[in-house]
Amino acid sequence: MLLEYVNLTIRAFAGVFAPLYGQRGWKLSALFAQMVSIGVASLPTVALANFLLGIVLAIQGAGQFEKLGSTDLVASLVAFSVLREIGPLITAVIVIGRSGSAITAELGTMKVAEEIEALNVMGIDPVRYLVVPRLLAMIIMMPCLTVLGEGVGLFAGWLISVTTLHLNGFFYVTNSIAAVEQKDLFTGLLKALFFGAIVGTVGCFYGIQVEGGAEGVGKSTTKSVVTSLTCMLAMDAILTTIIYFIL
Amino acid sequence: MSDPTPAPSQSKSPYALEVRNLNRSFGSRKIMQDISFQLKHGEILVIMGGSGCGKSTLLRHIIGSLKPDSGEIFIHGTEITKLDDEGMSKIRKRFGMLFQTGALFNSLTVGENVALPILESSDVAPNIAELVVRLKLELVGLTGFEHLKPAQISGGMKKRVGMARALALDPDLLFCDEPTAGLDPVMTSVIDTLTVDLTKKLGLTAVVVTHDMTSAFRIATKMIYLSEGRILASGTPDEIKANPNPYLQQFINGHADGPIPFKLSKDNYLKSLLSPESL
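Chains as they are written, first to last, in numbering that gives the first Met the number 0: chain A, 0 to 246; chain B, 0 to 278.
Looking at chain A on its own, in the form it has when it is part of the complex (with noise of 0.2 Å):
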């Protein structure tokens, strides 16, 4: 099984370079179809669900740092937050929920309907023509809906400090300002690559291997979600120490 991964991940990232050698490659059509169905059709869900978790840790937040008398403290942990951790990770269990499960059944049902056989016998390799287009908008749409969650968190943030906590809108916008470094933005957007292409490998593994028809759609369609967001939260903590250590 994680052989049969292992060789799909390999054929799949040659087949993203394979242009650049002067084999036939992917289409760009392809692409922009996958990027709008796995990007741009996910956005409402990541902003909605970056904006409540903005106001979580926001109340969360004011309600310990209270205590201590630092209320103006709330603007850089939820900055810090969210660009490190909390918009990666939520945007990409968001994805993970609505495109990579999607992308299995997707796959699946044409498993079972016989289209995958029949790419095989027109001498189209079903890598090429529908795992990297996949793949290819799964890695670039996650950072993409990243940075915008991260936006929304952070407005989420400053709309209820501003409007519940009474805190000053302009201190609050300084302060996060001043908590963040650029490495935080690019922590988060590091990892939102790698969690691209664990979704996308993941989702077009389990879809290419399904068997046995419906029941079996949906059985492969549970073990993706499940496993990519295993190897998500795994390859989350690798890493994080690798940057708490290392950079």
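Hints listed in this document are in silico derivations from the structure and should not be mistaken for laboratory results. It is possible that part of the hints are untrue.
Residues from chain A that keep clear of chain B, each with C-beta distances beyond 12 Å, as calculated [as the list claims (entries may be wrong)]:
1) Met34
2) Ile54
3) Ala112
4) Val120
Cross-link-like lysine to aspartate or glutamate pairs, in silico, EDC-like; alpha carbons within 16 Å at most [said to hold, decoys possible]:
5) A/Lys26 x B/Glu119
6) B/Lys66 x B/Asp33
7) A/Lys26 x B/Asp122
Note that the structure is a prediction, hence the values are computed from the model and not measured. C-beta atoms are modelled at their ideal positions from N, C-alpha and C, and glycine is treated no differently.
Using the hints, position chain B against chain A.
Frame of chain A; chain B shown alone:
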């Protein structure tokens, strides 16, 4: 390195397809046992047999989706069981396949489905591909349906679009897996006529897997009957009809009672119904 896949005109083999001593097991279950046959250019071979007899598995070996445990498969003289993905891909461009379900891509229109192998296998300009698509759809009597999605057309039309797609790259070998399954008798006849006409007009060699006997005798120039992974009988349709093998006769006449072991005969059914355990 030389190209291992010669063009049909260069092929020295008298056979379009030749299968030699093919064996395949899944676990302890033998799916194919010593399958051998030859098919000359222009012939239509019907592979028939009951459900689970190994006919679809045999077809999947011939198209290279499965690899045998032992044996050889020659397509226009090229042995394909040892070919790598690239070599197989070249061979596959020379044959077309009509799937049981049509296997059309639901996200693409009828025209895009037919154009897919053309656009993906070469750098043909889209307007040329469009012209070829119209030509292929005309061959199967579906001119003007280019812009519809597969969900908007009937089962028989899907099969015909599948046929147009199979013919898109002007193959010399056509494979059909249960082409008339689930179709009404009139549409079955339409698909049969289409298969015979296209084979003659385009000079194709065809392999059709079916258990529809009316359809099989209508199109075949050669038939093989598979039972439990073995070829039990082969020959022309007349030879098959005259073959006294009781298994074959039970199968082609569609009788419930006979030597074929998957039956539940009228007598057995009545016995089991009236047995004390069932009361």
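Status of the hints after comparison with the structure:
no.: 1; hint: Met34; verdict: 15 Å, holds
no.: 2; hint: Ile54; verdict: 38 Å, holds
no.: 3; hint: Ala112; verdict: 6 Å, violated
no.: 4; hint: Val120; verdict: 5 Å, violated
no.: 5; hint: A/Lys26 x B/Glu119; verdict: 10 Å, holds
no.: 6; hint: B/Lys66 x B/Asp33; verdict: 14 Å, holds
no.: 7; hint: A/Lys26 x B/Asp122; verdict: 12 Å, holds
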